[in-house]
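Make a model of the complete structure from these sequences and hints.
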Amino acid sequence: MKTSLVSICRNSAESIQRCIDSVLGQKLKPQEYIFVEGQSTDQTMKLLEENLPRLEAAGIKASIVQQKRVPGEAGIPAAWNQAL
0 MKTSLVSICR
10 NSAESIQRCI
20 DSVLGQKLKP
30 QEYIFVEGQS
40 TDQTMKLLEE
50 NLPRLEAAGI
60 KASIVQQKRV
70 PGEAGIPAAW
80 NQAL
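Note that numbering that gives the first Met the number 0 has the sequence shown beginning at 0, numbered continuously upward.
Hints are computed from structural coordinates only; laboratory data are not their basis. None of these values were measured; they are calculated from a predicted model. There's no promise every hint is true.
Unchecked claim - Distance condition first, Cα-Cα at most 25 Å in a straight line; then the derived PhoX-like pairs of lysine-lysine: (1) 45 - 67; (2) 1 - 28; (3) 1 - 60; (4) 45 - 60; (5) 67 - 26; (6) 45 - 28; (7) 28 - 67; (8) 26 - 1.
So this is what it looks like as structure tokens:
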């Protein structure tokens, strides 16, 4: 069974590292980790990019999807739809 994990993040620099560390500390790791990044203005994107090699080294295929801002479609529901 393939397990995928999706994290929606925007201006999450204070929490995204803890989230990634928690995933890496699990016995059963996902095969895939998708981050949907919502055009953050803090260090979120930098942290995601820095952690991609750590995730890959743990056998987790990791990717970052940049959320596109479309008028009338924004926020978490639009990010989930984009991730799927």
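Consistency of the hints with the structure:
Between the alpha carbons of residue 45 and residue 67 the distance comes to roughly 18 Å, so the proposed pair stays at or under 25 Å and holds. For the hint pairing residue 1 with residue 28, the CA-to-CA distance comes to about 10 Å; that is within 25 Å, so the pair holds. With a CA separation close to 11 Å, the supplied pair residue 1 and residue 60 stays within the 25 Å bound. With a CA separation close to 18 Å, the supplied pair residue 45 and residue 60 stays within the 25 Å bound.
In summary, the hint linking residue 67 to residue 26 is not supported, as the alpha carbons are separated by about 34 Å, beyond the 25 Å threshold. Annotation: proposed proximity of residue 45 to residue 28 holds, straight-line Cα distance about 23 Å (limit 25 Å). Pair hint residue 28 plus residue 67 does not hold up; C-alpha atoms about 28 Å apart against a cutoff of 25 Å. With a C-alpha separation of about 15 Å, the suggested pairing of residue 26 with residue 1 holds against the 25 Å cut-off.
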